[in-house]
Amino acid sequence: MNHLISIEDLERADIERIVSQAERFAEVSDREIKTLPTLRGRMVLNLFYESSTRTRSSFELAAKRLSADVVNFAASGSSVEKGESLKDTVLTLSAHKPDAIVLRTPWAGAADLVSGWCSAAIVNAGDGKHEHPTQALLDVYTLRQRVGSIDGACIWIVGDVAHSRVARSNVLAFQRMGAKVTVVGPPTLIPRGIEQLGCEVRYTLDDLHTADIVYALRMQNERMSEMWVPSIREYAAWYQINGRRLSPHQVLMHPGPVNRGVELSSEVVDSPQAVITAQVQAGVVVRMAVLFELLATAREPRPVAAMAGSQLG
Amino acid sequence: MSAAEPLVGGRRTPADLLLRDVRVLDPRARIDARHDVRVRGGQIAELAEAGSLQSAPAQAPSGEEELIDGAGRLLLVPAFFDPHVHLRTPGQEHKEDLGSGTRAAAAGGFGAVIAMPNTDPVLDSAPLLRSLRDAAAREACVPVGFLPAITRGLAGEQLSEMAELRQEGALGFTDDGKPVRSAGMLRKALQYQRLCGGVLALHEEDPTLSRGGSMHEGAVSAALGLAGIPTIAESTMVARDAALAGYEHGRVHFQHLSCAASVHAVADAKARGWRVSAEVCPHHLLLTEEHVRGMDTSMKMHPPLTTDADRMALIEGLRAGTIDCVATDHAPHARNEKEVPFEQAPMGTIGLETAFAALHTSLVVTGILELSLLVERMTAGAALFDLLTPIVTLDTQANLTLVDLDATWLAGEDGWESRSENCCFAGRQLQGRVLMTVAAGAVAHRDRALSLVGA
Numbered sequence: 001m002n003h004l005i006s007i008e009d010l011e012r013a014d015i016e017r018i019v020s021q022a023e024r025f026a027e028v029s030d031r032e033i034k035t036l037p038t039l040r041g042r043m044v045l046n047l048f049y050e051s052s053t054r055t056r057s058s059f060e061l062a063a064k065r066l067s068a069d070v071v072n073f074a075a076s077g078s079s080v081e082k083g084e085s086l087k088d089t090v091l092t093l094s095a096h097k098p099d100a101i102v103l104r105t106p107w108a109g110a111a112d113l114v115s116g117w118c119s120a121a122i123v124n125a126g127d128g129k130h131e132h133p134t135q136a137l138l139d140v141y142t143l144r145q146r147v148g149s150i151d152g153a154c155i156w157i158v159g160d161v162a163h164s165r166v167a168r169s170n171v172l173a174f175q176r177m178g179a180k181v182t183v184v185g186p187p188t189l190i191p192r193g194i195e196q197l198g199c200e201v202r203y204t205l206d207d208l209h210t211a212d213i214v215y216a217l218r219m220q221n222e223r224m225s226e227m228w229v230p231s232i233r234e235y236a237a238w239y240q241i242n243g244r245r246l247s248p249h250q251v252l253m254h255p256g257p258v259n260r261g262v263e264l265s266s267e268v269v270d271s272p273q274a275v276i277t278a279q280v281q282a283g284v285v286v287r288m289a290v291l292f293e294l295l296a297t298a299r300e301p302r303p304v305a306a307m308a309g310s311q312l313g
Numbered sequence: 314m315s316a317a318e319p320l321v322g323g324r325r326t327p328a329d330l331l332l333r334d335v336r337v338l339d340p341r342a343r344i345d346a347r348h349d350v351r352v353r354g355g356q357i358a359e360l361a362e363a364g365s366l367q368s369a370p371a372q373a374p375s376g377e378e379e380l381i382d383g384a385g386r387l388l389l390v391p392a393f394f395d396p397h398v399h400l401r402t403p404g405q406e407h408k409e410d411l412g413s414g415t416r417a418a419a420a421g422g423f424g425a426v427i428a429m430p431n432t433d434p435v436l437d438s439a440p441l442l443r444s445l446r447d448a449a450a451r452e453a454c455v456p457v458g459f460l461p462a463i464t465r466g467l468a469g470e471q472l473s474e475m476a477e478l479r480q481e482g483a484l485g486f487t488d489d490g491k492p493v494r495s496a497g498m499l500r501k502a503l504q505y506q507r508l509c510g511g512v513l514a515l516h517e518e519d520p521t522l523s524r525g526g527s528m529h530e531g532a533v534s535a536a537l538g539l540a541g542i543p544t545i546a547e548s549t550m551v552a553r554d555a556a557l558a559g560y561e562h563g564r565v566h567f568q569h570l571s572c573a574a575s576v577h578a579v580a581d582a583k584a585r586g587w588r589v590s591a592e593v594c595p596h597h598l599l600l601t602e603e604h605v606r607g608m609d610t611s612m613k614m615h616p617p618l619t620t621d622a623d624r625m626a627l628i629e630g631l632r633a634g635t636i637d638c639v640a641t642d643h644a645p646h647a648r649n650e651k652e653v654p655f656e657q658a659p660m661g662t663i664g665l666e667t668a669f670a671a672l673h674t675s676l677v678v679t680g681i682l683e684l685s686l687l688v689e690r691m692t693a694g695a696a697l698f699d700l701l702t703p704i705v706t707l708d709t710q711a712n713l714t715l716v717d718l719d720a721t722w723l724a725g726e727d728g729w730e731s732r733s734e735n736c737c738f739a740g741r742q743l744q745g746r747v748l749m750t751v752a753a754g755a756v757a758h759r760d761r762a763l764s765l766v767g768a
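Order-wise, the sequence lines are chains L and V.
Residues in the first sequence are numbered from 1 upward in steps of one, following the working numbering.
Residues in the second sequence are numbered from 314 upward in steps of one, following the working numbering.
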């Protein structure tokens, strides 16, 4: 693997290899000395165009646990605000010769684009509403810890699917691992054509009890002002996962941060069925495994494709 | 009402040519046979049996006569006409200018083009039109016509001074790049059309449906997490504006149709006798949403690439005549503007230099469309704007395109005449190459390969 851009690029075996590596790293995390020398002397650059505390700090911690040097570059308060293009920012930062760039942007396809501009390994930490592959990997890891195999499991992803990169990556990742995925939400927030990813589409929680795993998505307040749903109140009435709807055998997941009282009621967040904090813990070891996969294992030399961006000579 | 010459520009040296043993194909003149064709002083002077004409430079006004031997193989057709290009002048000359844009047109076999008004400033006043036509007269290598804005500043709020613009040579009007959002505003323009004439060319898009979208709404947009533009954003507006035109007995032209539902709406309007016409772009005839999967910004255009079923309906519409003509919607953008994430990139692809070759490769060579039908549809745009259709007949001004149908090339391999390179067909192997374009009686383009062919 040269980059981690999209779950779409991964085979089941790739996912299993990364998750297994994360399990090995988890053992280290329980030791008194938590760092490994694996990536000593390597540089990981976090380039974030969107505010993100948890994903960025999770990557930072993962890199430091592997003894890599970490540079954080937040787009606000930098040359980006002075009008520098994504390409120029990447070329400028590449002058420091990072081994990996962890990139989050509000634009679909940005990670793929950047992979053609520099020789660093690119880790997509969220590109617009497209994908968030490390989230999906840590979710697979969390489920493996909690329920073992998800082969044949029934997973419902509930909420604002249209605006969720987490949903897209997880539909692909859960299916790669053999699960049957259903997406549920108000029809205004289910994108037309999503069923062609292989998932089932529903508009109500009526059959929620058939799910083994319930994955709630964050409902963003700005969706209200854009009138995607009539009100938070109505959304919660129809789509909130609460004690009435969640069955005791089900596992509850959420990518965070949670809006208590909107997509989840407080009692389910605090219930033993919720694995939300386990997901956060998994974030570090899974990201360690991703950096290990990209930087520490043998791979083909990575040519810099078309630095000038011209398709033809 | 138009008082000024409708088209301006073009090279001024009248051509003296002898095209020996070329296959002359002009569906309107009902010719498809090998002929010798002599162009003298920019006029088609002789059209004779293949191999019968001798070189006669002494009688040519210039004292020279360029001889091209077609060997029965090279194709001579009436020069193509493109009713929809963006020449980006004034104000965006870093993307294109009158010279580079018309050189690109000539390289693609186009003998004349119509330029859109979404420039900076917007072409919406007579003084600006006058100065632009003066510039085109100096700089354009094929004749150019202009469609000023329907509404001032393309803002959709006030009509431009349509009557005065017509007197200055406006071929018609368009808010291209934007729809005329308000039905009431378009109705007023249609009423005013009774005074001043001029076709109203319409970019059809309901912004409340397309809002924020950067590609076609469907399986690919769902997979990529890109906001989609539904085809109904276009088709409902086509239906609305056809009805308005019918009610006001106005004349409208629908630009760049992209979906089956719009083709049906146009067919319906024509069946009712409403005065509507329509164009389609090569990219909508040849590419689909699947080509957007790699998020190549050259594949981002407005309207977006749609489904294969839509594409088939557009081809069928073009064949049946529901769609009257091909237009490129040549939309140049600078490299730095397109070298950004897909959602940030501006809409548009250049198309003049590849239009014929791409359509020939994918629709004619494959047997989907007849060559003569493609030639007809690539020249039909002129009449829609009340201009003379180029025709291969004696004693008319030469507007001719010479093509090698067998030549294969990679789009973009030798660079572009256009100032920009955002071409959705870049890197594709194409069959059919324009060797020479004669526009308004003058040689506007001569391919490098021509000297080899002629030798």
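Hints were generated in silico from the structure; no laboratory data involved.
One or more of the hints may lead you astray.
As the list claims (entries may be wrong) - Residues of chain V placed beyond 12 Å of chain L at every Cβ, according to the derived structure: (1) 606; (2) 610; (3) 649.
Stated by the list, open to error - Pairwise CB distance ranges, derived in the manner of DEER restraints: (4) V/368 <-> L/91: 55 to 61 Å; (5) V/581 <-> L/210: 43 to 49 Å; (6) L/96 <-> V/659: 27 to 33 Å.
What the hints assert, rightly or not - Calculated pairs, SDA-like style, for lysine to any residue (alpha carbon to alpha carbon, straight line, at most 20 Å): (7) L/87 <-> V/607; (8) V/583 <-> V/564; (9) L/87 <-> V/653; (10) L/82 <-> V/649; (11) L/82 <-> V/657; (12) L/87 <-> V/734.
Just so it is clear, CB atoms sit at the ideal spot from N, CA and C, and this is done for glycine as well.
Practice item. List, from low to high, the hint numbers that the structure doesn't satisfy. Key: Violated hints: 1, 2 and 3; rest satisfied.
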